[in-house]
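Protein chains in written order, with my numbering: chain A, 1 to 101; chain B, 1 to 450.
Just so you know, the hints here were simulated from the structure itself, not pulled from any lab data.
Any given hint could turn out to be false.
Derived DEER-like restraints, expressed as beta-carbon distance ranges [as the list claims (entries may be wrong)]:
# : chain 1 : residue 1 : chain 2 : residue 2 : range
1 : B       : Phe-412   : A       : Gly-71    : 52 to 60 Å
2 : B       : Asn-210   : A       : Glu-76    : 49 to 57 Å
3 : A       : Glu-89    : B       : Ile-126   : 34 to 42 Å
4 : B       : Val-224   : A       : Met-68    : 33 to 41 Å
5 : A       : Met-68    : B       : Val-244   : 44 to 52 Å
6 : B       : Leu-420   : A       : Ile-99    : 47 to 55 Å
Listing some non-contacts, in silico: residues in chain A with all C-beta distances to chain B over 10 Å [claimed, not checked]:
#  : residue
7  : Phe-35
8  : Glu-48
9  : Arg-81
10 : Phe-96
C-beta: ideal position from N, C-alpha, C; glycine also.
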Amino acid sequence: MKKILLVCAAGMSTSLLVNKMKDAANKRGEEIDIFALPISESSSVIDEVDVVLLGPQVRFQKAQVDSMVKGRVPVEVIEMRAYGTMDGEKVLNRAFELIGE
Amino acid sequence: MGFMAGFERGMEKVLVPIAAKLNSQRHVVAIRDAFILAFPITMAGSLVLLLNFAILAPDGFLAKILFLHKLFPNLADYQQVFTPVLNGSTNILSMFIVFLIARNIAIALKADELLSGITGLSTFFIIYPQYLNVEGANYLSTQWVGAQGLFVAIIVGLLVGELFSRLSKSEKLQVKMPPSVPPAVARTFKVLFPIIIITLIFAIGNAIINALYEDGLHQFIYTVLQTPLKNIGDSVISLVILAVVSNLLWIFGIHGPNTIAAIREGMFAEAGIENLNFVAANGTAWGAPYPTTWAINDAFANYGGSGMTLGLLIAIFLVSKRKDYRDIGKLSIAPGLFNINEPIIFGLPVVLNPILIIPFILVPAINIIIGWTAIHFEWIPPIAYSVPWTTPGPILAFLGTGGNWWALILGFVCLAVSTLIYMPFVMAANKAAAIESDNITTTKSSELNA
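Input sequences plus hints: build the corresponding full structure.
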């Protein structure tokens, strides 16, 4: 099963997006594990995930996440509009693209 | 739009690296995360206190609504049952903070986090004022384990975390155990010498400072560091500046409240706790020692989230002709009621939006001044109870004052003010959209991306 980590500030708004992404995954019958964590709590799980996405409000933490991931899996900042409109499907598609690369 | 694009590039070059530094600098992060982790405990204490006075005090607002004081004449006697809850939360906050900071530093430096935290707590009490012996029993002052000891806790946590992490990596200081020794035992021996060194350093340092400054280390740090910072915080100008900086960061898509958290806690943590203790002792928010704290921002200038965007949402539903605005508005109402507004900030977007920047900064500043004025002239009591920042709108002002109805009304006034200020800007956004749809090239250049 693929695992997606969303890095955010306190997990408040990003957990909304997580639910939308799970809905989108269910519709397509994909089994996938998605969770949202602040960067301070990410270190314990970052070695087990297939892709790391950052909320746009913490895009300046990308360098820090990059150094934690060490190039093992893709890291990307979520496109601002997709995040703001809570477009779960679009973000999920992008996550699959990144995993597939 | 050329100006905005240039402005955006300039700010990205200046502001984003600063925010990135602040949010990744390990000492700042250790302090910030320590307060975040201690938050549920202090909040639980505060809420128990709030319920205690709301229900069990004869003039508490819930007691009045439910006529509890008529049903149970000796209602107030039960208050003392729950007051000790504060003794386990805010009154020992410094102990939590010193442990958590030493732990957070060790996590950042990949050392043994639990033992680093425990060493921090141990050191905190090595330098603590001596026991007082009264009639054969020893007493420890509670003065520095709560709010007043916060800066000592922060400094000790940072120093111990650094020392512990570095010393425990030194091969020379490790006591090597044969492989047959269980790992749990080997782990403690590995850090034995580093801990001895740290405790010695602090014991000697404490003795020197006590010899030079007779009131002791805690009083020294409180006087030269904590009090000045607290006094800076105790002014409406500081509140407005902090709010403007925090909201300005959001304009560039950076999480404002998180970025300024370490500074904010240093300025307001003690004042907030002193207020809470005042309430616990007196049963009312009237006369709380620090009327001007960050709580004013949460109570009057943060409905819907940073920028007080609940007013923006209402303005959109009242006057916006743009389908995209109304769609985002509908999506944002539910999280917005709980002061979470990333959907608006990134969806409308507010980020780098030349029209909405002005009210987004202006509205919270004005409402902080309104709230502060009402408290300053004692129309309403100070916001002395801590209430979670996710509490919906004016209810936060109501509960924060311990159930003052005027505070609730003032909350609605502030919401109306924010709606009125946002309205002309939402109308301007209507016109901007109409002009853009006439001119395709303008539309393309105005599509700002993150």
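Right, here's what the structure says about each hint:
no.	hint	verdict
1	B:Phe-412 to A:Gly-71: 52 to 60 Å	53 Å, holds
2	B:Asn-210 to A:Glu-76: 49 to 57 Å	55 Å, holds
3	A:Glu-89 to B:Ile-126: 34 to 42 Å	57 Å, violated
4	B:Val-224 to A:Met-68: 33 to 41 Å	38 Å, holds
5	A:Met-68 to B:Val-244: 44 to 52 Å	33 Å, violated
6	B:Leu-420 to A:Ile-99: 47 to 55 Å	48 Å, holds
7	Phe-35	17 Å, holds
8	Glu-48	18 Å, holds
9	Arg-81	7 Å, violated
10	Phe-96	21 Å, holds
Hint check: violations occur at hints 3, 5 and 9; the rest are consistent with the structure.
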